[in-house]
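Could you fit the two chains together into a complex? Lean on the hints.
From first to last, the protein sequence lines are chains A and B.
Counting from 1, one number per residue, gives the positions in the first sequence under the numbering used here.
Counting from 1, one number per residue, gives the positions in the second sequence under the numbering used here.
No lab work stands behind these hints, which were simulated from the structure alone.
It cannot be assumed that every hint is accurate.
To be verified - Label pairs and their computed distance ranges (CB to CB): (1) LYS66(B) - ASN103(A): 44 to 54 Å; (2) GLU233(B) - LEU268(A): 55 to 65 Å; (3) LYS313(A) - MET133(B): 41 to 51 Å.
None of the values given here were measured: they were computed from a predicted structure.
Glycine included, every Cβ here is placed at the ideal spot set by N, Cα and C.
The primary structure of each chain is shown beneath.
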Amino acid sequence: MIETISDIVRFPLPVGEDFFIKRHRFEAGDKNKKRICIVTGIHGDELEGQFVCYEVARKIKKAAGKLSGIVDIYPAMNPFGIDSITRGIPAFDLDMNRIFPGNTDGDMNEYLASEIIKELTGADLVLDIHASNIFLTEVPQIRINEVSANELVPLAQKSNMDLVWIHGNSTVLESTMAYSLNSRGTKTLVVEMGVGMRITKEYGEQLTSGIFSLMSELEIWQGDVDNIKSPIIAHDSDGTDVCFLNASCTGVYIKEKEYGALVQKGDLVGRIISPLSGDVLEDVRAPEDGLLFTVREYPIVDEGSLMGRILRKKVLLENKK
Amino acid sequence: MKKSEIYSFKGLYRDDFKVTGYEFGEGNKTVCIVGSLRGNEYQQIYVCSRLIEKLKEIEEAGMIKKGKSIMVIPCANPYSVNIKKRFWSIDNTDINRMFPGYDLGETTQRIADGIFKVVKEYKYGIQFASFYMPGHFIPQVRMMKTGNENVDLARKFGLPYIVLHKPRPFDTTTLNYNWQIWDTEAFSIYTSSTEKIDKKSANLGVNAVLNFLEREGVIEYKSVPFFPSKVVESDKFITIRSSNAGFLDSIAKVGAEVHKGQIIAYITDPYTAQVLQTVKADHDGVIAFAYDSPLAYKNTALFKIIP
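Same shape as in the complex, but just chain B (with noise of 0.2 Å):
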């Protein structure tokens, strides 16, 4: 395993700013992983060091394939982790929609750009994603429609889920985005957390990335739960809103079957315990996504099911 700095620069009054790869194996540039590019996105983190920990273990042992090297950065953006805040310190812009940066620009389309000249080099791209809506997401790989994605690959990382998304306007400054658009193969992965860590889910993206690392003939390693992957649209999903706003009680958990007329949730009168309204599935499906906030918003996307 090797240590590196991706990007730095220095700070005034806080130690530098420092952007860190683990490299592992020597040769092609083969597989990249980023985990967080926010500063709230601590189950990203936890993801890649629980993978560096494992690919540290397999170089060890002998088992990364000659020729082929993996990095891993887990993450963009220390300065916003330790202050607890989702975006840059200073100015509250998102990393993740500076790409592929600029090298003369602000400071994060800086930071953009000198983490992309380095992770754009790599055939495939891979980056723990999180959703910014306060939720619960099925473990899924979801992949942007850009002309360029390549679904039979994303099957290999063994994920029940496979989502393909149309790019909105401001997609197209994100890293997986542009990865695809520089010839990358990029994926995202969302386990199901993003400020809390669940070891659970983390175990499941640790996993994928070792099932596609071995089916991509990177590394040797036994076989790992592997699921074939459904391939859903996200615009297929059904969405299930609130329409009041009050306090939510959510019964129904991410992953869970539902029926046509269960009752998944109520949204009750925070003064008097009311309910305002019984959420009841309006389709079978799963449920992949659960709003996960004690306070819902009038029209709040409560729950998404794959029908």
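One chain only, chain A, in its complex shape (with noise of 0.2 Å):
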């Protein structure tokens, strides 16, 4: 086995500092090798990635003879954002996941997405691994959009996450990592589990398993691998799979029930409190009977904050048949 840390690009920075974003690169086997790529920090404030990147390679060290392909691990696509806790590029105030595909003679950001891309494509699978942000909880899930989903759910249900999420298109999205490799031919999987700012070690080792299946299945992987657990798949491109629970005023909330939680129609899963008033400002209820998937964290809300997403128990009953 070939074991390799490079750069994938690097440059001067104004003042005294190169700007470089690593590559940690596991080859074996011949000529023919597959490739999968594990790339995380494009929002540098979603950690969970870390320790993900950690445990794959930690993994594949540790049994080197068993692999036979390419694994590159990219644990920091957006390093400004991580150094300082924030979500976008610092400098720049903008959302690198809506500046792909790039531009080779745009700014040093577009350049830097144009570049992502160049190095991604042909890759045989790309793993995208988001955490939520510091305000939301998400079970561990894999969200498909609606024009990629007959080659990538095949992919999703390998990858021992809980949920996959195939939600509709918008123009919007058109503007990330994913959507523009998928477009290119490159099957690229977006996970989105945990939350902002932490790691939930669970979580982590539960993709790990997920992404040692993926290389198993496509053969670039000869070891054992963990039972795999069956994800419930939400065809969701119609937006009726799943109830959004959004504050109906400002307050701070006190969460009643965990993600992952089944409930049912009338449970409280949450309250909106003033701690100016003493009042409970809402009793924040479930809608319908469904799974909690998504749970608000970080306390204070706004009218509109999300507070959580409920799985409609429709869904769970499609996916016992």
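And the structure:
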């Protein structure tokens, strides 16, 4: 096995520093070997993927003889963001996942985006690991744009995630990395799991098992693979599978149910309270039976803030058939 | 002048969030003008304040035509302005990426919805807009090429340039784009600055709106400086980029005519002052945009030239 750590892009910054993005490559096998890319850190405040990168690298090193392909690990696509606890690209106030496919002749960020696309295009599979944001915890899930569902769902089923959410297309999503790669024929799965600024170790371990399962599927990994769970699949192109719980007023949110809970209509999911008056401003109740798969972690809510998402019971029943 | 609340919600430990509109004249909803959607758009608020001052005089003099009403919303995001933050205070989302909005959605989607429900009723929509990069613009009317743009109408502002801009995916959630899609004739006006108040270009912006109102028969008003507009497509702009990172020492100003080969800036080494790049105009033309920050990254668009 050949192991290398190299820069996929490097250039000087204005004052005494170079900018670079690092790739850790593990390579073994013959000429026609397949390649899987583990990408994370496009949003600098999402750190769940950090542990996954470590775990994948650690496990490959431990059983190097089982590798028969290329595994590329990119732990920090937005190093400025990770360094400064910033979701977007600091200094530019840009969401990096809204500038793809980029432009080789464009500014620094457009150039970076184009180099990333160049680097990843042609891989047999790309996993883009996100961690929700600092406000919400998500159960481990794959999100798939309906336009790529046929190619991606069979792979997503082998990723050891709890949920596969196939959502409708929107023009804005066309500027994401996953859309750019999928539209170029490079299969890319978007993982959402956990919460921003934190690492949920059990989720990291769950996804790591999923990655080795996918590597085995692609014949990149000859070693043992853990038992893989079957995800719930929500074909939600028409937006009818999920209930959104939005705050009716501004206040402090106290959660009463944890993520992954099965709830019934009328169950108390949380409360919005006023610390100033000592009153409950809103009892947040489940509008329907289902699975609470998104839960608010950050307590301050404005009117409209998302407090949770419930996957409707009909989807759970469809998946049992 | 009637002051009204366009959208509001209660704050937790802050005063209520309020978007305020100023209405002039009565009757058909004819022209709506929107200033800042972001917390750093001070110039955009300032231009609206000067416009409100002028429209108040015009209304008091009985010079708004019967059956026409004008709305000015100087600021759609006072919460962010007051804490000097460009985007939304809690989640850093951009109201100008949330149109047409959603009344049951997240906070900035609701704000966008609350504003859009009011502004989409107007025949003409004018937004004082800003660019995401720090810099100065040549005053211009900008329109998205959605197929609904009307260039002849844009000439009625009497600004030197009309810029046509092909929408990118993220533009589809802006106010301007949605105005056009919902059948309002929409225009963005760029005066020269964002975070600094530039009175001269603010005055140009105010005059541009008054020109438009006068030529569209909304107000009676004596003519103010009026330029024949040159129509340019934004992808025809010549961009001059830094080939090195360092300090920017800019020589040419926005609006200046430059010639091919003319030196317009230097990039220097921040530690040794050594010149790393002599930036030259590679075409004859007028500088439409000049970057304004001492720090230049590699590949930064330092100037945009209209050939």
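Status of each hint after checking the structure:
no., hint, result
1, LYS66(B) - ASN103(A): 44 to 54 Å, "holds, 51 Å"
2, GLU233(B) - LEU268(A): 55 to 65 Å, "holds, 57 Å"
3, LYS313(A) - MET133(B): 41 to 51 Å, "holds, 49 Å"
Consistency note: the structure conflicts with none of the earlier hints.
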